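Residues per chain are reported as follows:
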Amino acid sequence: MPRFTRAILTAVLLAALAACTTTPVQPWERGRLARWDMRWDPDPAQAALAEHTYFSKEGSSGRVGAAGGGCGCN
Amino acid sequence: MIRPSASLSALLGAAAALLPATQAAAAPSDDATTRASYRFSDYDEDSLAPTSVIGDGKRYRVLSQAFDLDTRVGDGKYGLKLDATHEVMSGSSPWYVLPDAQQRPIQVLSGATIRDHRSALSAALTVDPSARSNTTFNVSYSAERDYRALSAGVERSQSLSDALTLGYGGSFSHDVIEPTDAALYDRIARATKNTASGFASLAWVLDRASVLQAGVQLNAEHGYLTDPYKLYSYADAIVPEHRPGQRLEGAALLRYRRSFAQIDAALHVDYRFAQDSWGLHSHTLEVAWYQGFGSGWRVVPALRYYSQAAARFYSPFALVADGRINYSSDYRLGTFGAFSTSVNLRKAIGRWELSIGAERYHSAHGLALDGTGAGVPALVDFTRAYAGVDFGFD
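Line by line, the protein sequences are chains A and B.
Every number in my numbering is 61 more than the matching position in the first sequence, counting from 1.
Every number in my numbering is 200 more than the matching position in the second sequence, counting from 1.
Hint data in this document are derived by calculation from the structure and do not stem from the laboratory.
Values in this document were obtained by computation on a predicted structure and should not be read as measured data.
Quick look at which bits of chain B chain A covers, simulated, 3 or more residues with Cβ under 8 Å: (1) 399-410; (2) 451-463.
Distance windows between CB atoms, simulated: (3) Ser319(B) x Gln87(A): 44 to 50 Å; (4) Phe539(B) x Trp89(A): 40 to 46 Å; (5) Asp570(B) x Trp89(A): 48 to 54 Å; (6) Arg390(B) x Trp89(A): 55 to 61 Å.
Even for Gly, the Cβ is constructed at its ideal location relative to N, Cα and C.
The following block holds chain B by itself, in its conformation from the complex (with noise of 0.2 Å):
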């Protein structure tokens, strides 16, 4: 299974403490110690082409709700965070390819309708907050019926100069997954899964008017890492997929930000490659622009590009045995690349703060830098649309 690297958030988590110290008391309506979030996102993937699919083309749709506290306590000689996030998943999922008599693949898709819900808690205690170098403590734990993580994680942001911020931290998950239906299905009845991870960034100000920030991560995983609800058509026989014991990903990261408080706004881009020992390697650009009108009216309108190279043992199916120890039909692992544009429209009134907003995702084989390669016949199109509110008091 694919799931969220705690380092990974860490290394962004940290950047927020990377920029001079002034930068965090400035929210965009109030100035106040504590502040309250709440934000709401309706999910819902495209149907897939009956034409193409046996089973309920009707994908994958999730509800979440997300409520976020950011604090001081002890006097002010502590900033603490938590995170309590609920989501309600449903619809049927990729299963695995056959081909058809043309050799061109046919997806199917789980006959059972998914009906599941994840509760996620975390928290994050910063030493110091205020001062221009300091350490933070984070932990977390993820629950969903076949599926448990607990992480923990330390982060220290370090000021070398007025202009220059180190950053550096570690993390380490464990995960546990007990498949559902695991005797009726013939899957692994437990398994467990480990990840190590460490990152360190540099942040400059470069001038009055912009900031940059280059960081490089390492995850390493070892365990269980097959998908144990994926099949695989191999040769003649329908077969669970089987994936290496274990991944070593490394990861580099370029952030750019820039002021134009002339006509009100900024302007965001992110740039992230990562490779990993599967052989699958991805390219991440974003780039928002953020603009004021005056009165509390912002919108924030960006773009994502996002481009993989297939992990070596993906493939749809295999028509004869080739003796691969590794074989996956997980689309997650394939050749594509993807389209992403969203707007996001705020409104701040006194110390509240008002906020909508909705992207649309297109993914494609021919999207990619490198579109070669089996084709991927499971990829995702959605929607997601959210909205949220946030408070600010003393």
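Bound-form chain A, shown alone (with noise of 0.2 Å):
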């Protein structure tokens, strides 16, 4: 089986037994997941510029900036 589709499954049966094991959470138990540090990028900005770099010298990344961010990869 090709790694790729390996890791699709795997990332689909992590997640399903995630589902599965959820508790519901009311809404006014939602503070602390609505803490600053609970988002997925806390400094998207910041971000941009590291998965630009990232991006610009590995073959194959993360994430990145902004779409479209050109080249700058010499």
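Both chains are given apart, each in its own frame, so use the hints to dock them into the complex.
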């Protein structure tokens, strides 16, 4: 089985497991989830600059800043 | 040329909308409807060891500035994000690799020091940003002396239940490259590349303190994917490198966030696996710890590990002509691993927030999970220092 397929299946299984074990969270219980440090990207401007660097120096990478960020990758 | 994928950023950008709507309002220092950010970054690569280099060993340095504005328009019915980035790049660049008498690689760097700058603008408009489900349209344009990229995309965040949010979208990018000194160095005069991307993700609220996101991404690139500035030592000749004219990449992503509010802290863990039709595959693991200290102080140490296996057509050089069509000695296509450590210090003062930080990145062939295959002589080590300020207002 190709690596990518295995990775997808693993991700789906983990996600399904997580969904099965989810306990209902009421709106008044979401204060901690609403914290700034729980955001996916608390500092998107800084993350964009960092990810543009990774994309320029690695063959593949996780994320990058502005879409259509040009090359700047010599 | 390797350039950022529009939809990879869209996948991560969409993730920001996948948490409960209340989260979006919780900035560290204010609840303003408009937030302006400025960031400065100084990226500086280490010089290569002079014993294994021909040419100027002083490598790349990039000074970047970014200005972001995040606001509401149309009586709050639309969220608008604008970003302007300017970069100045200078230094010499890996050109090709020669074998020495013992067939060890000698890296040849570009003789002339490169000096260029890049400017980029992007805009994203979100319809009903406060709603549990919303749609975002985005466009961007980037230009440097020899490279232009125009992209557009759309993404949708769809609430499926109180605990589950679906994200999906797609984008398209059209890039044009017009290499400098094309006639002098027998480079292609003008070429284009198109990239189509799609993604889907699911985010779960696991409990009162943790969330998980899983996503998949597909990118299809078509056109001129060769780096027109790179050469290759092929038998007795130095020839322009050559890569396939299309590339299909798939990626799977997992992201986890857990709050430790009792000690004013949060844990971030991100993992990504990617594989493409060139045979290149990679693992990326990032772990960060957000620790507050009261009075608006916060420190964020982070670790990142990256490992990739080489593209099928990568090798430092070819000693004999073997009939291959595609060949490249670009270190970014070789087998290597990299460790990165960083720390970010932040201080909120009313509606202002100040931020400084630094990152140290070290890469080596032996750090790869699968450290076999051809050596990679031009791997980069760099230091990146940055500073920024945010201001919130109504």
